[in-house]
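> Residue strings, one per chain:
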Amino acid sequence: MALSNPAIGIGYRRHIDEWTRANLARFDVLEITLDHCLTGNDAARAAIFDLVGQIPLTAHGIGLSIGTDVPVDLAYVDEIAAIVDRIQAPAYSEHLAFTRVPGRDLGNLLPVPRTQQVAESIIAKVRQVQSRISVPFLLENITYIFDWPDSELSDAELLSLICAETGAGILLDVENLYLNASNHGFDPYAFLDDLPTHVVKEVHVAGGVTLHEEFLPRPLLQDTHSHPVPDAALDLLDYALKRQAPAAIVLERDDRLDAFDEILDDVARLRARFARPIETSYAATAVGSPD
Amino acid sequence: MPQRLLDRQIRLLEHLTSRACIFGAARGVSNDPTLLGLDLGLLHLEARFSHEKRMQKIEWVLTRTLELLGNKRAVVTQEFIDACPPAGISWLENARQFHGFLKTRWRSQAPEPPYLPDVAAYELAYATVRAGEMQAPIRCDDVALPGAIRRYPGAVLLRCAYDIRPILEGNDGAPERRMNLAVTMQPGTDVPQVSELSCDLLEILEMLDAFVDPAMFQDMPEVEELIQNLAASGLIEVHR
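Residue numbers (the working numbering), protein chains in the order written: chain A, 265 to 555; chain B, 5 to 244.
Just to be clear, a hint being listed does not mean it is correct.
Facing chain A, according to a computed beta carbon distance under 8 Å, are these residues of chain B, among others [unchecked claim]:
(1) Arg8
(2) Gln13
(3) Leu17
(4) Thr21
(5) Lys57
(6) Gly92
(7) Gly136
Just a few of them, taken from the derived set where beta-carbon distance is under 10 Å, the chain A residues facing chain B [unchecked claim]:
(8) Asp306
(9) Asp333
(10) Phe362
(11) Arg364
(12) Trp412
(13) Pro413
(14) Leu475
(15) Leu480
Hints are computed from structural coordinates only; laboratory data are not their basis.
The beta-carbon is built from N, C-alpha and C at its ideal position, and this holds for glycine as well.
Here chain A stands alone, though its shape is the one from the complex (with noise of 0.2 Å):
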């Protein structure tokens, strides 16, 4: 199959592993949650491994915990790092969250407090990282149920403001957006508007469920990453790509791996409207290049 530009892909799942083989040439891409090839066991590990070269693969993150308060853990974003160079991936990406403190963690994605405050000390272990890793860095923006009453910044100026102090990208996750704006009741177009132009250097999309609870004003919708990408999304996405050139559009899923017609109808659904097909290859495209 002839490569696309953005390269539209699915996240790599062990559980789908054989699946995910015999349906390769419809895949541009394929993002590896570098975590599980560190907790991983043998086979999985050999599993990933045994893709590069099949096709470009590029390099996620979950445990960094960035917005934790204390120092970056460079033994583990060593260990990362070696992944990135194995997988050949052209860019890492990590979620601009914390998940754990010193003695108890969460497992979950958390808001940090959008303060300039706050801001300063992600930017420094921004470039901490950035200092051991060999490709471009990338900063994913997350969807939270709750909000910290003295966030001063919005979403998009504190990532903006990251990214510029840093050169840091942006992972731009339609659904955590669509999500946010919807629960806390704010515009994504206008997230949009305020992210610089070019900053998006990779995309997820996914499909959550909605949740209805008595106590809450509106129904809230839920990133399980086990649905249909809704079409709000879509759209979001198409707006945004008209001042972003990501790399590659990466569709997450993570429950429901046996309905492999709604993932392939999702990839079709994303290749229809986004894809442009292109002879170069995706690392000549890759995040790192210059605008």
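Dock chain B against the given chain A, drawing on the hints supplied.
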């Protein structure tokens, strides 16, 4: 005076991992000085989702164990929340934490059903072997001679008080009968194998923490064939 972000984050995670927040019905805005202004209803949702995710990881490993807890599962889970805050994101780490909690609980309250400890130990062993984790003690012995043998570090040996095979096959009840199990990964596979061991073989394998010269077993009948079979089963490692 502004509070340190880390102090706020620590207090937040204490709150989100507390039984009161996970199951509680508090609403409105927090007046805890460290969490001032945070929406308690939304924190409850965050806590509930995180807890459900954690329990899914535990259930992935300890499936039958949780089923066998039956109507005590809710009480046990609540005690677990109080005793063991989440310390890692991996499913194995969370399952190991839950298993450790159960073992402590069984010191003061008899397990019900009585074969539950065997089932839990087996399920954790199976997941551990599948994950490829090496068991302590592992003594690296670079000076071992070629042909020296030791227990394969990825193998788990279990001394069971009950025959839990009916339970693992989805049936009810486990007859009381001492049995020894080995959970191993055969070379070149990624699905654990389970085999029953004689008492003699179990004791030998338990001794083989470090590489030893197989000549020490020369009095055993057909020792070479036995070593070959044990190596093929992933129970021992032959130094090359």
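> Against this structure, judge whether each hint is valid.
Structure-based check of all given hints:
1. For the restraint placing Arg8/B at the interface with chain A, the shortest Cβ-Cβ distance is roughly 7 Å, inside the 8 Å limit, so the hint holds.
2. A least Cβ separation of about 5 Å between Gln13/B and chain A falls short of the 8 Å threshold, and the interface hint therefore holds.
3. For Leu17/B, the shortest C-beta to C-beta distance to chain A is roughly 5 Å, which falls under 8 Å, so the interface hint holds.
4. Restraint check, Thr21/B versus chain A: the minimum CB separation of about 6 Å is within 8 Å; hint holds.
5. Taking 8 Å as the C-beta contact cut-off toward chain A, the hint placing Lys57/B at the interface holds, the least distance being around 6 Å.
6. At about 5 Å, the closest approach between the beta carbon of Gly92/B and any beta carbon in chain A falls short of 8 Å, and the interface hint on this residue holds.
7. Of the supplied interface hints, the one on Gly136/B holds, with its beta-carbon coming within about 3 Å of a beta-carbon of chain A, less than 8 Å.
8. Given hint, Asp306/A at the interface with chain B, holds; its Cβ is 5 Å from that chain's nearest Cβ, closer than 10 Å.
9. Because the smallest distance between the Cβ of Asp333/A and any Cβ of chain B comes to about 4 Å, under 10 Å, the interface hint for this residue holds.
10. At its closest, the beta carbon of Phe362/A sits 6 Å from a beta carbon of chain B; the interface hint therefore holds under the 10 Å criterion.
11. For Arg364/A, the suggested interface contact is upheld, since its CB lies about 7 Å from the closest CB of chain B, less than 10 Å.
12. Given hint, Trp412/A at the interface with chain B, holds; its Cβ is 7 Å from that chain's nearest Cβ, closer than 10 Å.
13. At its closest, the beta carbon of Pro413/A sits 3 Å from a beta carbon of chain B; the interface hint therefore holds under the 10 Å criterion.
14. The interface hint given for Leu475/A is met, as the beta carbon of that residue sits about 8 Å from the closest beta carbon of chain B, less than 10 Å.
15. Taken as an interface hint, Leu480/A checks out: its beta carbon lies about 7 Å from the nearest beta carbon of chain B, inside 10 Å.
Violated hints: none; the structure is consistent with every hint.
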